[in-house]
Amino acid sequence: MDKVLYGNIKMTSRLLVEGSINTIDLINLSLKKAVENKKYNPFITVTQSEALQHSEDSCKRYISKGAKSELDGIPIAIKDNFCTRNIRTTCASKMLENFIPTYNATVCQRLFDAGAVLIGKTNLDQFAMGSGTVDSIYGPTKNVWIGNLKEGFYISGGSSGGSAVAVATGTCFAAIGSDTGGSTRNPASYCGVVGLKPTYGLVSRLGLIPLVNSMDVPGILTRTVDDCVIVLNTIAGFDPKDSTSVNRPFKKIRLPPANKLSIKNLKIGIPLEYHCDSLSSEVLDTWNDIAQLLEKEGAIVKKVSMPHTQYSIVCYSILNQCEVSSNMARYDGIEFGFRANEESSTEKLYAETRKIGFNEVVRNRIIAGNYFLLSRNYDKYFTKAMKVRRLIANDFDNVWNEVQMLLTPTTLGDAPLYKDFISKNNRDQCALQDYCTQPVNMAGVPAVSIPIKLSQKGLPLSLQLIGRNFSEPMLLALAKYIENIVQFPHFVNKF
Amino acid sequence: MAMNLIQSFRIYRQYYINIRTIKRLAMQPASINIGLREEDPQQNGIESKTIALLEKLSLVGTTSEKDIQTLNDTVQFANKLLDVDVTNIEPLITVLENIPLNTREDVITLENSKEDILKNAAHLDDGYFATPPSILILDEKSDM
Chain A
1 MDKVLYGNIK MTSRLLVEGS INTIDLINLS LKKAVENKKY NPFITVTQSE ALQHSEDSCK
61 RYISKGAKSE LDGIPIAIKD NFCTRNIRTT CASKMLENFI PTYNATVCQR LFDAGAVLIG
121 KTNLDQFAMG SGTVDSIYGP TKNVWIGNLK EGFYISGGSS GGSAVAVATG TCFAAIGSDT
181 GGSTRNPASY CGVVGLKPTY GLVSRLGLIP LVNSMDVPGI LTRTVDDCVI VLNTIAGFDP
241 KDSTSVNRPF KKIRLPPANK LSIKNLKIGI PLEYHCDSLS SEVLDTWNDI AQLLEKEGAI
301 VKKVSMPHTQ YSIVCYSILN QCEVSSNMAR YDGIEFGFRA NEESSTEKLY AETRKIGFNE
361 VVRNRIIAGN YFLLSRNYDK YFTKAMKVRR LIANDFDNVW NEVQMLLTPT TLGDAPLYKD
421 FISKNNRDQC ALQDYCTQPV NMAGVPAVSI PIKLSQKGLP LSLQLIGRNF SEPMLLALAK
481 YIENIVQFPH FVNKF
Chain B
1001 MAMNLIQSFR IYRQYYINIR TIKRLAMQPA SINIGLREED PQQNGIESKT IALLEKLSLV
1061 GTTSEKDIQT LNDTVQFANK LLDVDVTNIE PLITVLENIP LNTREDVITL ENSKEDILKN
1121 AAHLDDGYFA TPPSILILDE KSDM
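Protein sequence lines correspond, in order, to chains A and B.
Heads up: the first sequence begins at 1 in the working numbering, then just goes up one per residue.
Heads up: the second sequence begins at 1001 in the working numbering, then just goes up one per residue.
Fair warning: there could be bad hints in the mix.
[Unchecked claim] The following label-pair restraints were derived from C-beta to C-beta distances: (1) Asn-1120(B) with Glu-295(A): 47 to 57 Å; (2) Leu-15(A) with Asp-1073(B): 53 to 63 Å; (3) Glu-1105(B) with Lys-65(A): 31 to 41 Å; (4) Leu-1118(B) with Arg-14(A): 42 to 52 Å; (5) Gly-152(A) with Leu-1118(B): 24 to 34 Å; (6) Leu-1118(B) with Ile-24(A): 31 to 41 Å; (7) Lys-1119(B) with Ser-423(A): 34 to 44 Å.
If you are wondering where the hints come from, they were derived from the structure by calculation, not from laboratory data.
Quick reminder that beta carbons are idealized off the backbone N, C-alpha and C, glycines included.
Build out the structure end to end from the sequences listed, making use of the hints.
Here it is as structure tokens:
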């Protein structure tokens, strides 16, 4: 009976319509799985009573043949930096440990309106700052691949590690993450699931607790590309409540079956600069193999150059810290969030509240951001970084004159061991982990990570496809094409 | 000036593209060093006066030795950008710069209730948000 959780959304939806299974049983299975997989620590909050209530509502709808959509009754997970009404939303921090939003983020509302059932809020690096899901007050999230190691566990990647694990284990069919510098694609890569970063402005950010306003987007994690398309079709599109939401009509994506897809004469670029020293030979080989495979199948594969790639991580780092120092200013303990017991003065209250409420990573980014924003430094660092950002965005604009999509690695290797990961500080670690992912956020373009095969150790190896703005249909079509050929051995296939 | 040119040259020499392998897809690594930039001899670390100012601006409590070291490393890392030529380049503030900002009619769409707005405050004074009575500005020497 468990097996139904390991399928895809379309199949499961059909079973629900036919009445072969009912929503209440499905959700109970999912909740049971959530308990079984507690050892990986993917959830901060499991919304048991809400899930059961919604499963009953969904069941009634199916009985009266009034299912809202393919997602009706389907168990999903949402990263704990998206506001969910009456369900605590913590950002894995002491600051918001007891914060209970009074509204749903637009992404959440659209999923609930489609009938999807929330199983829980997933773990993340505090305030989405990190690439390991290790900096959370609720402890790290562990990778599901290769457990019971003497040396400890492999990281799930981050910052949307909890969402990736919820999907990889089969607890949920889909999960929402966020992506500012790779936070959806990185854990997707390490956990062997599909991770989509949509075009900036395509999906509403209303209710997504902001990290970097000019780069944040909601992300989607699923086991298959088709499932990703179903979720994207549900959440994408203009939202008048988000001023950075693009007012253009969104046409739902319909992908043909994989065997009907053709890549003949599709121009695919291989950006040379993404091949850096630290790239593992296994990822390089995988990258090469897929490039050659695509060429064999009729695509035109050529090398392209994106000369400012090497500056991207530094530029991202500066812009990130500057925006963070501004975004985090709202946390003063007065209107919401943790409030320290310090009544001698307002400034002392703020300082004490924020010292306790934020972890070291967050505090250090705020300090760094304020340094770069000092009048004496503003032009030298912040304005300079914004100019370099244009150079990076121009690199992307220029390649679209030559090719339609790019094929690159997602992460530089397979998942590292926790003890090795924490041996570097957060910033150095991000510089390495985010190398191939953050240039995409700088330019705002869409990208998807797809699992290709397992490494020698037995951990997932993934590759990334990048397209021009609003090219999600083509991007996901190519992703589906590759997915069909490589037949990645999903974690749930073991059962 | 000469120093900048040499440094620029060094950076660009650091990676090379093997044109002969254009047909073969197996590439030579673009040998990019993503580690820390070489020590700039003029860099002495950030002055304690600046640290105190940053504490006051950030309001995240006192900075430890470790925090100061982290900040110095961060700045050193950021200095890699200083050599990039941005002549005639405008800052990119938002990737949506070519799309006009959406506006709406100036009508009230009241969805918030007072109760919702006050609901998450740890402390209220007669239905008002409240701060401590005195605003004592932290001076450089005050210790938190």
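> Does the Cβ pair Asn-1120(B), Glu-295(A) satisfy 47 to 57 Å?
Replying inline: holds, 56 Å
>> Tell me if the beta carbons of Glu-1105(B) and Lys-65(A) are separated by a distance inside 31 to 41 Å.
In response: holds, 40 Å
>> I want to verify a distance hint. Is the separation of the beta carbons of Leu-1118(B) and Ile-24(A) within 31 to 41 Å?
In response: For Leu-1118(B) and Ile-24(A) the Cβ distance comes to about 37 Å; the hint holds.
> If you check the beta carbons of Leu-15(A) and Asp-1073(B), does the distance land in 53 to 63 Å?
Replying inline: For Leu-15(A) and Asp-1073(B) the Cβ distance comes to about 54 Å; the hint holds.
> Is the distance from the Cβ of Lys-1119(B) to the Cβ of Ser-423(A) consistent with 34 to 44 Å?
Replying inline: holds, 42 Å
>> Does the beta carbon distance between Leu-1118(B) and Arg-14(A) stay inside 42 to 52 Å, or does it fall outside?
In response: Holds: the Cβ-Cβ distance is about 47 Å, inside 42 to 52 Å.
>> Just to be sure I understand the hint, the distance between the Cβ atoms of Gly-152(A) and Leu-1118(B) should be within 24 to 34 Å; is that true here?
In response: violated, 45 Å
When each numbered hint is compared with the structure, a violation occurs for hint 5 only.
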